[in-house]
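Asker: Sequence:
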Amino acid sequence: MAATLMKDAKMEEIADKVQKGVRLSIEDGLYLYETSDLLTIAQLADQVNESKNGNNVYFIENMYINPTNVCEASCSFCGFKRKPGEEGAYTMHEEELLEYVEKRWNDNIKEFHIVGGHNVDVGFEYYLNTVRTLKKHYPQASIKAYTAAEIEFFARISGLSMKEVLEQLMEAGLDTLPGGGAEILTERYRAKMSPDKASTYEWLEAHETAHNLGMKTHATMLYGSIDTFEERLIHMDRLRQLQDKTNGFMVFIPLAMQPRKVNAGWHQRTSPYDDMRTVAISRLMLDNFDHIKAYWINIGAQLTQMALTFGSDDIHGTLIEERISHSVGALTTQGLTRKELIHLIKGANKQPVERDTFYNIIKEY
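The sequence shown: position 155 = 156 (the numbering used here), numbered continuously.
Wrong hints could be hidden among the right ones.
Lysine-lysine pairs mimicking DSBU-like chemistry, simulated, CA-CA at most 35 Å apart [what the hints assert, rightly or not]:
1) Lys340 x Lys104
2) Lys364 x Lys347
3) Lys53 x Lys217
4) Lys11 x Lys53
5) Lys137 x Lys104
6) Lys104 x Lys53
7) Lys217 x Lys18
8) Lys21 x Lys53
9) Lys18 x Lys246
10) Lys193 x Lys164
11) Lys21 x Lys340
12) Lys84 x Lys347
13) Lys340 x Lys18
14) Lys340 x Lys217
15) Lys217 x Lys347
16) Lys364 x Lys53
17) Lys340 x Lys53
18) Lys136 x Lys104
19) Lys246 x Lys217
20) Lys136 x Lys364
21) Lys217 x Lys111
22) Lys364 x Lys137
23) Lys18 x Lys53
24) Lys164 x Lys11
25) Lys164 x Lys136
26) Lys340 x Lys364
27) Lys84 x Lys11
28) Lys217 x Lys84
29) Lys246 x Lys84
30) Lys111 x Lys246
31) Lys246 x Lys11
FRET-style restraints, in silico, Cβ to Cβ [stated by the list, open to error]:
32) Leu161 x His94: 35 to 43 Å
33) Asp197 x Lys340: 39 to 47 Å
34) Glu95 x Tyr202: 31 to 39 Å
35) Thr229 x Gly124: 20 to 28 Å
36) Tyr274 x Lys347: 24 to 32 Å
37) Gln20 x Leu161: 43 to 51 Å
38) Lys21 x Ala90: 49 to 57 Å
39) Glu165 x Gly22: 34 to 42 Å
40) Gly55 x Arg24: 19 to 27 Å
Quick caveat, the hints were computed from the structure, so don't treat them as lab data. All residues carry an ideal CB built from backbone N, CA and C; glycine is no exception.
Please model the entire structure based on the sequences and the hints provided.
Answerer: Below, the structure is given as structure tokens:
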């Protein structure tokens, strides 16, 4: 590390910790959020990423499916949900689901990414049957379905434990949980922003239960609204504590909050500076996570390419038709092609690697 980039003793102390593999504290993370020395943070994060992943950057050909947008919850950041009977409300049943997938399917797709509303009108059996139907007709695709908040919801409406819910879903064909529903894992945040959804403890419990059943899962963080820097770091610390215990998380995905309207001003969006800093700090704090994902849907393709030198080694996937971020103020397209993803990665002088859900290499480009 070039000595000229070290602005003060605290940054030198943090850099020394990183180079020796010593875990950073929340206090260290707060310094990294407050310092103006973004380039040193980026260099440190890039160094950690290179030690874990070399020059590889991963992507997957996947399809988003949102089977229903009917939801009992009232999250203040969501533009996707509808109440029963409200204009625009929908629930795909088996025939509609298969028609939706068939119109968008290609044989390179390796994963279905499924999240939706907490719809009390259809019951747990509906969600089970969605998994069964997709696994029956597309057995070659992994099923990444239902956030931890949905798992808690299923347990509540079915009278089952979360373990029993997960066991039934796995029997139906579920392969992994997505990382959504985490938002910020502090109760102050959740009481204000998502009061009807799983608590911090319940979200962590769902993933720990899945890990104990042998399932690998994902973790997210939705930043850029009322959250403080300290709350972001508490969130990361809670994830890494669970990872110490189970080693069940595959990847961490920081998600930039989207404003409620697409024409919202830039003052209502996260700044590129904050986006890149948060990717880099995630890489430095989450020392026991192998992968950090830059989510192009939220930060755009160009910043995603920049994130590949700020500690990220994954740019997600093709998606085909993303709806949730685009139901609010996302400015990006709803999907990217394999060719476009490869172009982004090569443009950052990185090695494009197509993967499956579990980071097994399918092809290098």
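Asker: Hint by hint, say whether it matches the structure.
Answerer: Taking the hints in turn, this is what the structure says about them:
no., hint, in the structure
1, Lys340 x Lys104, "holds (20 Å)"
2, Lys364 x Lys347, "holds (15 Å)"
3, Lys53 x Lys217, "holds (18 Å)"
4, Lys11 x Lys53, "holds (25 Å)"
5, Lys137 x Lys104, "holds (17 Å)"
6, Lys104 x Lys53, "violated (38 Å)"
7, Lys217 x Lys18, "holds (29 Å)"
8, Lys21 x Lys53, "holds (14 Å)"
9, Lys18 x Lys246, "holds (22 Å)"
10, Lys193 x Lys164, "holds (28 Å)"
11, Lys21 x Lys340, "violated (38 Å)"
12, Lys84 x Lys347, "violated (44 Å)"
13, Lys340 x Lys18, "violated (39 Å)"
14, Lys340 x Lys217, "holds (28 Å)"
15, Lys217 x Lys347, "holds (29 Å)"
16, Lys364 x Lys53, "holds (19 Å)"
17, Lys340 x Lys53, "holds (26 Å)"
18, Lys136 x Lys104, "holds (17 Å)"
19, Lys246 x Lys217, "holds (13 Å)"
20, Lys136 x Lys364, "holds (24 Å)"
21, Lys217 x Lys111, "holds (16 Å)"
22, Lys364 x Lys137, "holds (26 Å)"
23, Lys18 x Lys53, "holds (16 Å)"
24, Lys164 x Lys11, "violated (44 Å)"
25, Lys164 x Lys136, "holds (21 Å)"
26, Lys340 x Lys364, "holds (13 Å)"
27, Lys84 x Lys11, "violated (51 Å)"
28, Lys217 x Lys84, "holds (33 Å)"
29, Lys246 x Lys84, "violated (39 Å)"
30, Lys111 x Lys246, "holds (29 Å)"
31, Lys246 x Lys11, "holds (30 Å)"
32, Leu161 x His94: 35 to 43 Å, "violated (22 Å)"
33, Asp197 x Lys340: 39 to 47 Å, "holds (41 Å)"
34, Glu95 x Tyr202: 31 to 39 Å, "holds (35 Å)"
35, Thr229 x Gly124: 20 to 28 Å, "violated (39 Å)"
36, Tyr274 x Lys347: 24 to 32 Å, "holds (25 Å)"
37, Gln20 x Leu161: 43 to 51 Å, "holds (48 Å)"
38, Lys21 x Ala90: 49 to 57 Å, "holds (54 Å)"
39, Glu165 x Gly22: 34 to 42 Å, "holds (40 Å)"
40, Gly55 x Arg24: 19 to 27 Å, "holds (22 Å)"
Taken one by one, the earlier hints fail for this structure at numbers 6, 11, 12, 13, 24, 27, 29, 32, 35, listed in ascending order.
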